[in-house]
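Visitor: Letter by letter, the chains look like this.
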Amino acid sequence: MRAARGMARRVPAWRVPVGPGVVIGGLVLAFLLDWRLVLMLAVWLGAWGLNAGLARGAAGGSAGAVTGARVAVPVIFGLTLLGLWELAVRLYEVSPVILPAPSAIAVAFAANTGTLWADFVQTILRGALPGYAIGCGAAVLVALAVDRSRFLQRGVMPVGSFLAALPIVGTAPILVMWFGFGPASKAAVVVAMVFFPMLVNAVAGLRASDAMQRDLMHTYAASGWQELVKLRLPNALPFVFNGLKICTTLALIGAIVAEFFGSPTVGMGFRIKIEVGRLAMDMVWAEIAVAALAGSAFYGLMALAERGLTFWHPSQRARMR
Amino acid sequence: MKHLTLGAAALIASGGMALADAHADTVNLQLQWVTQAQFAGYYVALENGYYDEEGLNVNILPGGPDIAPPQVLAGGGADVMLNWMPSALAARERGLPVVNIAQPFVRSGLMLTCWADSGITEPADLAGRTVAHWFFGNEYPFLSWMSQLGIGVEGGADGVTLLQAGFNVDPLLQRQADCISTMTYNEYWQIIDAGVTPEELVTFKYEDYDVATLEDGIWALEENLADPAFVDRMARFVRASIRGWDWAVENPDAAAEIIIDYDETGAQTLEAQARMMGEIALLVAGGDGTLDEAAYQRTVDTLLAGGSDPVISAQPEGAFTHVVTDAALAN
Chain A
1 MRAARGMARR VPAWRVPVGP GVVIGGLVLA FLLDWRLVLM LAVWLGAWGL
51 NAGLARGAAG GSAGAVTGAR VAVPVIFGLT LLGLWELAVR LYEVSPVILP
101 APSAIAVAFA ANTGTLWADF VQTILRGALP GYAIGCGAAV LVALAVDRSR
151 FLQRGVMPVG SFLAALPIVG TAPILVMWFG FGPASKAAVV VAMVFFPMLV
201 NAVAGLRASD AMQRDLMHTY AASGWQELVK LRLPNALPFV FNGLKICTTL
251 ALIGAIVAEF FGSPTVGMGF RIKIEVGRLA MDMVWAEIAV AALAGSAFYG
301 LMALAERGLT FWHPSQRARM R
Chain Y
1001 MKHLTLGAAA LIASGGMALA DAHADTVNLQ LQWVTQAQFA GYYVALENGY
1051 YDEEGLNVNI LPGGPDIAPP QVLAGGGADV MLNWMPSALA ARERGLPVVN
1101 IAQPFVRSGL MLTCWADSGI TEPADLAGRT VAHWFFGNEY PFLSWMSQLG
1151 IGVEGGADGV TLLQAGFNVD PLLQRQADCI STMTYNEYWQ IIDAGVTPEE
1201 LVTFKYEDYD VATLEDGIWA LEENLADPAF VDRMARFVRA SIRGWDWAVE
1251 NPDAAAEIII DYDETGAQTL EAQARMMGEI ALLVAGGDGT LDEAAYQRTV
1301 DTLLAGGSDP VISAQPEGAF THVVTDAALA N
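From first to last, the protein sequence lines are chains A and Y.
Number 320 in this note's numbering belongs to position 320 of the first sequence; there are no gaps in the numbering.
Every number in this note's numbering is 1000 more than the matching position in the second sequence, counting from 1.
A hint or two may mislead.
Stated by the list, open to error - Selected chain A positions facing chain Y (Cβ under 8 Å, derived; list incomplete):
no. : residue
1   : Ser95
2   : Ile98
3   : Leu99
4   : Ser103
5   : Pro173
6   : Gly180
7   : Val276
Claimed, not checked - Listed next, with one range per pair, are the computed distances between beta-carbon atoms:
no. : chain 1 : residue 1 : chain 2 : residue 2 : range
8   : Y       : Thr1269   : A       : Leu166    : 43 to 51 Å
9   : Y       : Ala1330   : A       : Val28     : 41 to 49 Å
10  : A       : Trp117    : Y       : Ala1330   : 31 to 39 Å
11  : Y       : Asp1052   : A       : Leu163    : 52 to 60 Å
12  : A       : Leu166    : Y       : Gln1174   : 18 to 26 Å
13  : Y       : Ala1254   : A       : Phe179    : 43 to 51 Å
14  : Y       : Thr1121   : A       : Leu293    : 20 to 28 Å
15  : A       : Arg214    : Y       : Gln1174   : 51 to 59 Å
16  : A       : Gly300    : Y       : Leu1282   : 52 to 60 Å
17  : A       : Val94     : Y       : Ala1285   : 36 to 44 Å
Hints in this document: simulated from the structure, not taken from any laboratory.
Heads up, the beta-carbon is just placed ideally off N, CA and C, and yes, glycines get one too.
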């Protein structure tokens, strides 16, 4: 932390590389051309200034000020983006079928929480999560087998990369034919999507313990099982969590996109598809918001689990301090 | 900052001028599906020079499964679009003021096709069955029909279990569904081509049950119709297009050849397009492009009866105009 604060003093990254005169002159000129643009620029510059001030204040302040700024700065940034979006849509009278305002999306979200929840349950809880668990679980088991056998290593890895190379637009309709219109086919698509990234990471993880460590276990007369549980698996965890985190987003994408190719009349992908057809873009964006929230929460859960299980790893130790 | 703003302004200005020039007598037509005989009239008018004779430079933009024509129109990508009336009216209620300026298709080609051995002989038998339908604004007529029959679409013993299918007939062929929505000119023949005989199927035409909604119509943005020059351009476009349709109906095989020539994907075959043209001819024959107000009202009534989640909630106002077709037919 101390080092970071020093850096902030030496390189004021927030500073505008032009003088205030140029900025004001530019604003006045732009105002003559398009006052709406100027209003948006002013909001943007104002929020920028506010954040820059907060960052500067925190850099020289107490630990509390640092924490406060750390929370406030991203929140202000996010709110500014939403505000600019709202302003742009309203000032330029953008058609709601091209881009709805965030406020309209919020209204659609609030008015359709029941539908959004049903879609969430169908797509995430019944499609993405089982597929994720099956795909990642199978990949770890296969990785253990691959780690044991050079034969499998040569045979399975190419098959895995082949699976990963299958385009989802081709596999999804086929899997719908095989597993029906329900969530089973969506889970199958997710399995196909997450298997290989997880496998590659798990195999790399199992190789992460070096020869010295294995020799040490050998001198302790550790059995193969003991070596696996006490040395190789813990060492593999950082890699495994890398894979798990990558796969969270892949699972969401897979489950949503798969619904485009056949589904019952519920689900996030289904809803996005039919609402685009109805030009109800506010509802489409509400579903996108659900997907983004679910994806972030899912990823966050994995990151938390990682922090709990790999607390000993240098990358986590640095963060804990 | 200064340079950026000036540069952007100059860019917008020059872009606007270039756009205005090119738009003088250009018509960009957005189709609602891929190039096929469903749009033969427009391709014939292009190929036979009917548009040229009207002094028009027409660009035909093919659609596809993920292209919503109203969105293209709203984004300025096209001057005029082909759209089914249910989806266009839904777009209108959603805040995109589109207006029907001509209606070349006077009959609906929508059908529901079921396996005969499923025991379905009349629409009331659909309760408790599984129906596959495409969803992209095409599902409204079905939902309205079920609502009028008092059959729910939430599944169960008394309702229809609805599946959202891709634009193919696999769910029926694999018996994942008892029935599937078909067009007289498209999906029905996919089933036949898959080796199924017509005797094995039971087909319900929406036209026969008085729940038909108007299909391929020509739609433009309301704001543009305030401009007499635009109306004149549209009148010439509609006149040439209807001429193209008349020719296509009389010369189905030659029209199919033209479609094949314009199909850039190379996916269509002459035989299938000639057959499709025969079916399409049945839907356009007898029309002169003028919207039949009775058919319009039936479409609106069907949509308003659309059950718990109706497509449109209020009687549309000003959703069609005869100005263009009147001008087109006047001379």
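Visitor: Could you work out which earlier hints the structure fails to respect and list their numbers in ascending sequence?
Guide: Hints 3, 4, 8, 9, 10, 14 contradicted; others consistent.
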